[in-house]
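Peer 1: Top line first, the protein sequences correspond to chains W and D.
Numbering (this note's numbering) for the first sequence: 43 to 921.
Numbering (this note's numbering) for the second sequence: 43 to 921.
By construction, these hints were calculated from the structure, which means they are not laboratory data.
This structure is a prediction, so every number in the text was calculated from the model and none was measured.
Careful: at least some of the hints might be erroneous.
Where chains are identical, the list cannot tell them apart; a pair therefore holds if satisfied intra-copy or between any two copies.
The calculated SDA-like cross-link candidates involving lysine to any residue, where the alpha carbons are at most 20 Å apart (straight line), are [unchecked claim]:
1. K208 to G124
2. K208 to R610
3. K841 to I720
4. K381 to K786
5. K587 to R565
6. K587 to H747
7. K462 to E548
8. K841 to I763
Number of protein chains: 2
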Amino acid sequence: MAEKYVYRFEEGSKDDRARLGGKGANLAEMTRVGLPVPPGFTVTATACNAYNRLGREFPAGLEDDVWKEVAALEERAGKRFGDPQNPLLVSVRSGAAVSMPGMMDTVLNLGLNPKTREGLGARAGRRFALDCHRRFIQMFGNVVLHMEHSAFEEILYAAREQAGVKHDHQLGEQELEEIIARYLQIVERHTGRAFPEDPKEQLTLAVRAVFDSWENPRAKVYRRINQIPDDLGTAVNVQAMVFGNLSPQSGTGVLFTRNPNTGEHVLYGEYLTQAQGEDVVAGIRTPKEIAVLKDDIPAAYAQVEKVAQLLEDHYQDMQDIEFTIEDGRLYMLQTRSGKRSARAAVKIAVDLVGEGRISKQEALRRVTPEQVDQLLHRGVDPAAQNEVLAKGLPASPGAASGRIVFDADMAERLGRMGEKVVLVRPETAPDDIHGIVLAQGVLTSRGGMTCHAAIVARGMGKPCIVGCEALKIDLGRKELQVGGRNLREDDTISIDGATGRVFLGEVAMVEPELGGEAAEILRWADETRRLGVMANADTPEDAQKAREFGAQGVGLCRTEHMFMQQDRLPVVQEMILAATEAERRDALGRLLPFQESDFYGILRAMEGLPVTIRLLDPPLHEFLPDVEELSVEVALLKERGGQGGEDYRRKADLLRQARALSEFNPMLGFRGCRLGLIYPEIYEMQARAIFQAAARLQREGVEVHPEVMIPLVGDPKELEISRRLVAAVHQEVQGETGARIPLKVGTMLEVPRACLLAGEIAPHADFFSFGTNDLTQTTFGYSRDDAEGKFLTRYLEEKVLEENPFAVLDQAGVGQLVTFGVARGRAVKPELKVGICGEHGGEPKSIAFCHRTGLNYVSCSPYRVPIARLAAARAALED
Amino acid sequence: MAEKYVYRFEEGSKDDRARLGGKGANLAEMTRVGLPVPPGFTVTATACNAYNRLGREFPAGLEDDVWKEVAALEERAGKRFGDPQNPLLVSVRSGAAVSMPGMMDTVLNLGLNPKTREGLGARAGRRFALDCHRRFIQMFGNVVLHMEHSAFEEILYAAREQAGVKHDHQLGEQELEEIIARYLQIVERHTGRAFPEDPKEQLTLAVRAVFDSWENPRAKVYRRINQIPDDLGTAVNVQAMVFGNLSPQSGTGVLFTRNPNTGEHVLYGEYLTQAQGEDVVAGIRTPKEIAVLKDDIPAAYAQVEKVAQLLEDHYQDMQDIEFTIEDGRLYMLQTRSGKRSARAAVKIAVDLVGEGRISKQEALRRVTPEQVDQLLHRGVDPAAQNEVLAKGLPASPGAASGRIVFDADMAERLGRMGEKVVLVRPETAPDDIHGIVLAQGVLTSRGGMTCHAAIVARGMGKPCIVGCEALKIDLGRKELQVGGRNLREDDTISIDGATGRVFLGEVAMVEPELGGEAAEILRWADETRRLGVMANADTPEDAQKAREFGAQGVGLCRTEHMFMQQDRLPVVQEMILAATEAERRDALGRLLPFQESDFYGILRAMEGLPVTIRLLDPPLHEFLPDVEELSVEVALLKERGGQGGEDYRRKADLLRQARALSEFNPMLGFRGCRLGLIYPEIYEMQARAIFQAAARLQREGVEVHPEVMIPLVGDPKELEISRRLVAAVHQEVQGETGARIPLKVGTMLEVPRACLLAGEIAPHADFFSFGTNDLTQTTFGYSRDDAEGKFLTRYLEEKVLEENPFAVLDQAGVGQLVTFGVARGRAVKPELKVGICGEHGGEPKSIAFCHRTGLNYVSCSPYRVPIARLAAARAALED
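Okay, chain W solo, but in the shape it has when bound:
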């Protein structure tokens, strides 16, 4: 049997989107439930595909089916296509399954020619008929014959000038006739043939134009970027015209069934009387608010209200509607689920639950984690008109304005004085943290989504843009070249961390809000999710914030950030440069009180909840000055004859030691538990600090749950030895203090070998935590500090990779290792607690993977905790 290419509206429903397109399916659905829809039919997207496959030929049977349906339409309308007495006019509109710009839009009033116009005029008024005819030629010329809109507008403009009127509807019959004549002339000049006057030819050409537009370059690019399959095709909707321009009791409008910005439950939209659809968007006349319709055409307003209610009842969601009123009677031309702001999405979802329309589960499906994220950060006012200087990677959401500073010390100094500054660097390093803390935001020319600046800024909830390669930063001159401009320290810029845009000057902001409805949604999420949500927090302040956002503990507390603080760094450097174990122990002894007070604060902030503390992880040379800089300093001191001096000796000595510690690939070097095994005194000090802090809090009546995490384990022996060391200190401290602290020691799985040997590692572990940042680096062989600036961006642009594996967990590769790790670990220890503490712990798709893989919890930066709570719930609902 031949494929059925044409469906009458009565034959479809909202579930037929693939064949009928979104618009066609919803027209069918509205027809099915008895709403006032002008009759019509849909030519399927399948037909479009066949047409394009056949080299722009209609497939066999298609035209016959169309004329059969036109005939049926004539029958029902009591009018005939091309009938000079009582002509049928139709609208032709495209409609793919997915809404897509770049496609052919709409042709109204199709079926008109000088003869049918007169027939229409005889029945409905001549001026009205001329107006329709003028509109038809213009739209058809533009969208079917590909003529510039402006060519028609010029003629119209001249006519208004000549007539001395302001609006088109003030033009008289004669003027319209003249305009039509000139329109027909320019069409003939443009196309080389007379305007097609046969309604059948008009319809055929219009359908072709819709099909062709599926293959136009703009549509193709859009599909590629948005990963829409090319063989989706578009449907064509042919519908009997109703006329919003028929009389003063006529009009046309669009509306949302609720306010799409705030979510408030009121009709929200606008309309024009005596107008056709395109007038509302054309902007020549200012539309009126929908509420005014109540006074203008009260009966129509009542119908609109009723239909809106009916549609919400039917679709159980806020709808975006197009309608036309013909002589006081309402007709529905389109309905679809309305786009809405993050704030509205949350409020509408909660309200719909309150109204008993949807379940809590459905509400959780309706709000995306990205919308919750938006609610948590300041944003750039959409109305801001500032010049966009450049665009980088949106590394940490939120917006900030401030004066440019080029180094962390200056950022700190000005920040302390209450100045708003934006720290601009080629990249940041751990010893810039004091400056980042006091800056409004960070902007770097290098690095990727998981570079140092990005991670630190996200952790602090501070706006950050990285990898903004258009910036040419000259640190020596304290200058910044971008897009032909030269900026200096003190010039003001703004950054939008949500989009990666850098603005000149100060931009207007929109403040964040996580109001009562959001809290409600998150409460429902907590009831629904199975995954725990913990936070990555290095300070008591972070821990406090995380707790406020709903974190159920700290999944990763990085002790090295504590080492970087200005008052400790000199002691840390002494420790590193110690020549003997005794010297090292001495320096460590001086670090102990600092560390103890760090842990005291965090454990206190997380009273009653687990705090997972990772022992020292980064290579030691990260705490020393840069070798290149030192080398230059030493060479210059020597050049200046300073060789005998104390300064030279000290610097030369430091250079030698920094060189000895420097590494070719620090990421794969002497760090993590490798440090702890070679210098056990470091981990001993840290373990002591943890248990002493815990003991102190216990005496003060505070319930504590410290968990010690050993980083970078790749072999069971490493964990076995580290665990023994921690346990020994634990026993000592218990002996000294009389406290009874639960001993929990676990490890991060962050190199492939750890995942492969998880079964051998598990016996020594109370918990596993996947460090998916490093695991991604080692599984791919990508250095995150290098890859994004050097090749990853291109890989993503050219679709070598579908997604940035540092942003979204790579399920195909890294995911296998995670799955091994969980399965093998639990095979020997079924009660093993397993979590994730990489950046992926706050990313919705990755969270869904963690849920499916049976992890116990995810851990992410405090500002992502609400997102993770929602994502975890949505993952549970997908099960």
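Using the hints, position chain D against chain W.
Peer 2: Relative to chain W, chain D alone:
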């Protein structure tokens, strides 16, 4: 039933090593086959374990069994333990399953006391009896009572002085009586009690002493280092004495049934007449060559010859024998497989096959790959007495002497002049290659077994020591401090790459030989192995050498080494620093002829065999000067006011570009196919060079099989795109030249993700080659350039890891990924060719793994090809 702790020699065989120890098992075996072995019994190693487990108590039943066996021994010998008329004397010797220094050795003549001595004297001569008694007290005092040997020797020395004689056997009865009296005095003084005169107590104490010695510190350390299990235990052999010191027709000796140095089929050993066992090793009298025995005691010599023949027939191997002749009658005290030099091992194995004693397969089992390796390199003469300055990691075998040079340019200059130089550097870099080529060997203070210097030197078959941290190198002053000495350029040192020793001055060498027998063994290996053996070769010379060593093709040709040559580097740098694709294509165009001639040479040398060419792999900044050095240069130029100059501008520019290209973790950076995807023109040039060279050779009638290998693939898309690029060039060149070249494109699996996604990658690959160097780095998260110097050595010392994963493939972790790669690749493409081209391809244990895992071939440096051939055969035999 109680454990049987005591076995008469007649009850055992050579297969009972675990229970009876090596010595006991062989005594039993010789007894079993009717050789003249003095009767005796063995106390099992199981008894030793029980004893130590019980806290140094004999397990129940042990003593009873011993006395039962002693009684049986008395019965057979017709003598009785402690019988003043006809006393039984025994020897007591330890013997574990594995030969082990540090264990208690031997007590002879046990059973003597003043009374039994007189009985012995009455039957065999009083002086002889006194001599035996003196020996017994001394040995018992030393090894059972833990007294210093020197305490006895002093008394003996004084007695000889007093008597005015030179040798012990010249001492008279009276002197011996006096010595014995003084011996007994010092024993009593030392132990606080009289010497135990009861033979039963003597035996009990001696057995205890053997058991105790299993737990002495030296034995424990030895076991730990050699990975011998602690619960192996040692057996104790108790045997009726025969007396080599009885008469002039008596003697004792050791011999090898063949020459253990050369393998020649002649008896090789030495003996002493009128002596007991310890005299031969004591070195007071010079033993005679075994051949002299023919004249001394012809009948005994005939017996020795016959027994040697019998033992070889029985054990089918060269034997190391201990024997005693008592009054012209031969007794066997020990036999074991004889230790032999590499040269002898090969000759003996081949000869035994020739003699029909063993099969070719057995010969292959008898020769180790390490022995073949020894035959391939010059070695340090074992007699060399030069001062050892330091010890580093033995990175590439062979020995070299030469003058110290501290930079590659100087090495090249002096090398070209015919000077022998050793290049000494903190580490080497790719641009040192021209110097390494002309140096005799390389010595570095940093780096590990797979650092740059190690790999390059092994590839060239040049001696190399790396990670020799005792060296303090001052490149500025061209000085080297080591072990208190100050060496300068031009001082001569020698290095032994097989052991890692650095010598002062020039050492005597032993030249390598891979003679006819070795070639024979390798031919048999080729008949036996299933794995192919290919070579890693970057030059025609390497390829030629590899072919001579038996390589079946080139498994890895690294194109970057070609880029490093002095005449090409400037063009390569131009290519890298090109601002536009056009500039880059221009530089590449000039590189094309160089590359084409490289490939021409290698393909020609490997006529008829496959040549796997890996496209450019390392990060581009490896071809640029060091950023730190440049930075200092630029700072100094500026300081000296050279800012306006051309030189400054050029250098500052270069610095800026080198910085932009520099990476935090180059190993995980912008390299491999990532380069080829972002700059396709580079791979295009290389592919063109390969196919043009192949076409030229085809025209010349040379059969060529180039295979193109894409490095560092982690995603199927990468290989798909690269393959398309290579195929396009292939088609172009075929079109231009008319040649028909088979197109083979494969990839290296060298990041974990590639192994995990092997099933998706295989459809685009004609072959896989595991790059296990990088795969080890990424699986462990170890940078090979950093790990060995920084923590891996300690990890190995402290047994955190059992083996260096860069030397021996880590089967537990990396091996899983290899197994995945093979299985998943072959699941979708059963005919997929799979090999390995990391350093592990030349390491025997790793080769065995490759065999078991079903790989098609291994590829290794030319000098390891023979080793790989043998190892592959042995792996096949293990199946």
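Peer 1: All the hints need checking, so say for each whether the structure fits it.
Peer 2: Hints, one by one, checked against the model:
For a Cα distance limit of 20 Å, the shortest separation of K208 from G124 qualifies neither inside one copy, at 33 Å, nor across copies, at 141 Å. Neither within a single protomer nor between protomers do K208 and R610 lie at most 20 Å apart by alpha-carbon distance, with minima of 75 Å and 75 Å respectively. With identical chains, the CA atoms of K841 and I720 are at most 20 Å apart between copies only, with a shortest distance of 13 Å across copies and 43 Å within one. In this assembly of identical chains, K381 and K786 lie within 20 Å of each other by CA distance neither inside one copy nor across copies; the values are 48 Å within and 53 Å between.
Taking CA atoms no more than 20 Å apart as the test, K587 paired with R565 passes inside one copy only; the shortest distance there is 17 Å, against 73 Å between copies. In the homo-oligomer, the alpha carbons of K587 and H747 lie at most 20 Å apart inside one protomer (19 Å), although the nearest pairing across protomers, at 65 Å, exceeds that limit. Taking identical chains as interchangeable, the C-alpha atoms of K462 and E548 lie at most 20 Å apart only when both belong to the same chain, with a minimum of 11 Å there against 70 Å between chains. Within a single copy, K841 and I763 get their C-alpha atoms only as close as 44 Å, which misses the 20 Å cut-off; across copies the closest is 11 Å, which meets it.
Checked against the numbered hints listed earlier, the structure breaks hints 1, 2 and 4; every other hint is satisfied.
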